Amino acid sequence: MRIRHIFPTTSARDTVSGERAFFSRNQTGDFLYFFTTRQTRYEGWYLQQDRQFIKIIERIGIASPVAISGITTTGQCHFIEYENSMHMGYKLVPGRSGLTVNASQPVPIQITLDTRAMYDQPQFGRQYKVTTDKEGYLIRYRDETLAGPVYLHLRSTATLQLKQEWQPQSYPRDEKRHSPPAVLYTYFLGTITTDFLAFGAGRSAGAAREASLAASKQRLQPPQTSINYTHDTLPSHVSTAKAAVTQALRYLQTEEGIYAGLPWFHQVWSRDELIASLGYSKEDQKEVIEQYLGHPLVEGELPTYIGSGTTCADGVGWLCLLVREYGEQELSQENRERLLRFLDTAHTQLKQYRQAGHGLIISGHNATWMDTIGRSGFRIEIQCMYGLLLELLYALTGEAAYEQEHLRFLGTVKQMFWEGSYLRDGLADPSIRPNIFLAYLLQPALLNRNSWQLCFDTALSHLQAPWGGLASLDTKNPGYQPESTGEDNRSYHNGDSWFFINNLAATALHRFDSRRYGAAVVDILQSSTREILFEHMIGQPGEISSGSQMDSYGCGIQAFSGGTYLALLRELEGYGKQDRDSMAFFWGPTAASTAAN
1 MRIRHIFPTT SARDTVSGER AFFSRNQTGD FLYFFTTRQT RYEGWYLQQD
51 RQFIKIIERI GIASPVAISG ITTTGQCHFI EYENSMHMGY KLVPGRSGLT
101 VNASQPVPIQ ITLDTRAMYD QPQFGRQYKV TTDKEGYLIR YRDETLAGPV
151 YLHLRSTATL QLKQEWQPQS YPRDEKRHSP PAVLYTYFLG TITTDFLAFG
201 AGRSAGAARE ASLAASKQRL QPPQTSINYT HDTLPSHVST AKAAVTQALR
251 YLQTEEGIYA GLPWFHQVWS RDELIASLGY SKEDQKEVIE QYLGHPLVEG
301 ELPTYIGSGT TCADGVGWLC LLVREYGEQE LSQENRERLL RFLDTAHTQL
351 KQYRQAGHGL IISGHNATWM DTIGRSGFRI EIQCMYGLLL ELLYALTGEA
401 AYEQEHLRFL GTVKQMFWEG SYLRDGLADP SIRPNIFLAY LLQPALLNRN
451 SWQLCFDTAL SHLQAPWGGL ASLDTKNPGY QPESTGEDNR SYHNGDSWFF
501 INNLAATALH RFDSRRYGAA VVDILQSSTR EILFEHMIGQ PGEISSGSQM
551 DSYGCGIQAF SGGTYLALLR ELEGYGKQDR DSMAFFWGPT AASTAAN
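Per my numbering, the very first residue in the sequence shown carries number 1; after that it's consecutive.
Because the hints were derived from the structure by calculation, they are not lab data.
Accuracy of the hints is not assured; some may be wrong.
Pair ranges (Cβ atoms, derived) [said to hold, decoys possible]:
1) Tyr128 <-> Gln76: 28 to 38 Å
2) Gly574 <-> Met86: 40 to 50 Å
3) Tyr128 <-> Pro108: 13 to 23 Å
4) Gln123 <-> Arg338: 48 to 58 Å
5) Glu144 <-> Pro444: 53 to 63 Å
6) Gln164 <-> Pro235: 28 to 38 Å
7) Thr145 <-> Leu454: 49 to 59 Å
8) Trp418 <-> Gly374: 20 to 30 Å
9) Pro430 <-> Gly574: 27 to 37 Å
10) Thr15 <-> Glu255: 19 to 29 Å
These numbers were taken from a predicted model, which means no experiment stands behind them.
Beta carbons: idealized from backbone N, C-alpha and C, even for Gly.
Could you put the whole structure together from the sequences, leaning on the hints where they help?
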């Protein structure tokens with residue numbers, strides 16, 4: 001199957017096997033998520049209502065079994081292409097809860113509904129009522145879980161052959177991910193033969209009709225079939241992925257902050273937002289810093305999310321890294337004073353509640369980013385985050401006491417975590433994990449240059465996957481899980497490769513020695529770029545892959561995967577400006593065509 005991305009100034013293509021999905025979201029918060037064939041109960045057309053996503057349509061597709069040849073996306077428009085040279089396009093209405101579907105010729109189109117809140121699975125009391133009006137068809141839905149009815153209006157001059165039948169649907173992707181139920185009943189509305197459909201949805205019949213009217217005024221222009229792919233290389237793919245990720249991060253933006261992901265994780269989590277912000281513009285980074293300096297601290301830690309009863313052990317550390325990357329000296333005097341007060345409070349509370357007698361900082365159960373394997377105790381990246389906090393306090397105050405505490409602390413960390421050729425993941429855990437690379441980004445002064453080189457060589461030999469990413473656990477460890485196990489979490493932090501960690505690891509390796517680790521950096525860049533453009537939700541930065549093979553079986557859009565990808569590109573672009581010859585070393589070996597056709 002051919003995948004094509006066409007943006008105004010950049011494009012990319014490749015050939016893939018297996019099913020792929022497209023995704024888009026509009027200004028009202030609604031989103032559209034369809035695989036080429038039905039794969040998961042989470043796909044469909046969703047409305048956002050009062051911080052809740054309500055699924056309206058399960059599937060809109062051709063009734064006859066025509067083989068699919070590819071997907072072309074132009075960002076907001078998505079076209080499924082068929083082997084008989086036909087295509088069907090999908091586009092949400094900007095600013096309205098409307099959807100336009102446009103085929104290249106009249107074809108029988110099947111419409112299947114599954115109206116429910118995303119995580120609800122009502123079994124009884126589900127009622128659809130279909131009526132006709134002069135513009136088309138009005139469908140009202142009620143059940144016991146939704147507060148009031150939901151309306152769908154289908155605007156068409158063609159006749160809908162009503163079926164109105166509950167049918168079981170199986171979801172192979174959910175089954176593979178051990179995510180029950182893998183079978184649900186959906187409502188087959190019927191079949192309509194046409195080349196154009198306009199849908200509108202809302203909490204009232206009038207709102208649904210207005211949205212379908214707006215959808216009826218859209219016309220989808222298919223992209224040209226002949227595109228110049230002369231420069232279809234890794235650099236051009238990176239350019240296209242950058243445009244796609246920039247758009248994806250806009251999809252996740254809300255008034256409260258950025259969602260951790262979609263279709264799952266639609267909450268604003270401190271850790272995820274701070275990591276994602278590493279790839280933001282300077283102005284946007286400043287806004288995030290200002291926002292988090294006003295957040296409360298609980299025993300020296302940030303809440304998992306505002307109003308949460310739990311905290312994350314690394315939230316303050318990620319904020320410190322964001323400040324360091326932004327440049328604390330570039331903050332206004334007012335913000336420097338706010339930062340000092342915030343860090344001083346964090347320092348005092350951490351010493352009181354989290355610092356043990358030997359000086360290390362302890363983390364609670366599931367309080368680090370690896371939040372499914374417990375990991376309580378003394379963890380390497382948490383120590384380095386505390387070290388960065390001390391470093392910033394010294395930079396802000398010039399007080400020698402902070403500098404002395406910082407140096408003593410680094411000495412303690414090195415003494416207790418250095419294993420002779422690598423940094424152990426925890427004081428009581430000698431495992432090799434990619435948190436080693438976070439340690440370098442946070443506190444490069446922890447080890448001398450020779451020790452860091454030995455550490456990175458060891459880590460790469462134990463973590464590097466054949467497809468370019470890094471496993472979340474030493475591949476030689478008995479607990480390593482080579483394939484993603486989905487919701488049962490066995491592999492989640494014990495083998496699955498996390499794209500945000502891969503991107504940060506590449507940043508660390510590049511900063512340390514771009515020539516020695518150039519191949520590893522390019523491998524990570526290439527794998528992250530490929531995942532964004534050609535895996536799972538095409539054009540979206542995904543969450544995880546299996547360690548043994550690239551398969552992208554996690555959340556379709558993950559904010560911190562996208563943010564760290566942009567941060568990595570900024571790192572490489574800055575390097576290129578400083579040293580064009582060295583940049584040629586980076587790109588040269590990979591500048592051959594990456595397209596299959």
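Status of each hint after checking the structure:
no., hint, verdict
1, Tyr128 <-> Gln76: 28 to 38 Å, "holds, 30 Å"
2, Gly574 <-> Met86: 40 to 50 Å, "holds, 46 Å"
3, Tyr128 <-> Pro108: 13 to 23 Å, "holds, 21 Å"
4, Gln123 <-> Arg338: 48 to 58 Å, "holds, 52 Å"
5, Glu144 <-> Pro444: 53 to 63 Å, "holds, 57 Å"
6, Gln164 <-> Pro235: 28 to 38 Å, "violated, 53 Å"
7, Thr145 <-> Leu454: 49 to 59 Å, "holds, 57 Å"
8, Trp418 <-> Gly374: 20 to 30 Å, "holds, 24 Å"
9, Pro430 <-> Gly574: 27 to 37 Å, "holds, 36 Å"
10, Thr15 <-> Glu255: 19 to 29 Å, "violated, 40 Å"
Violated hints, in rising order: 6, 10; the structure is consistent with all others.
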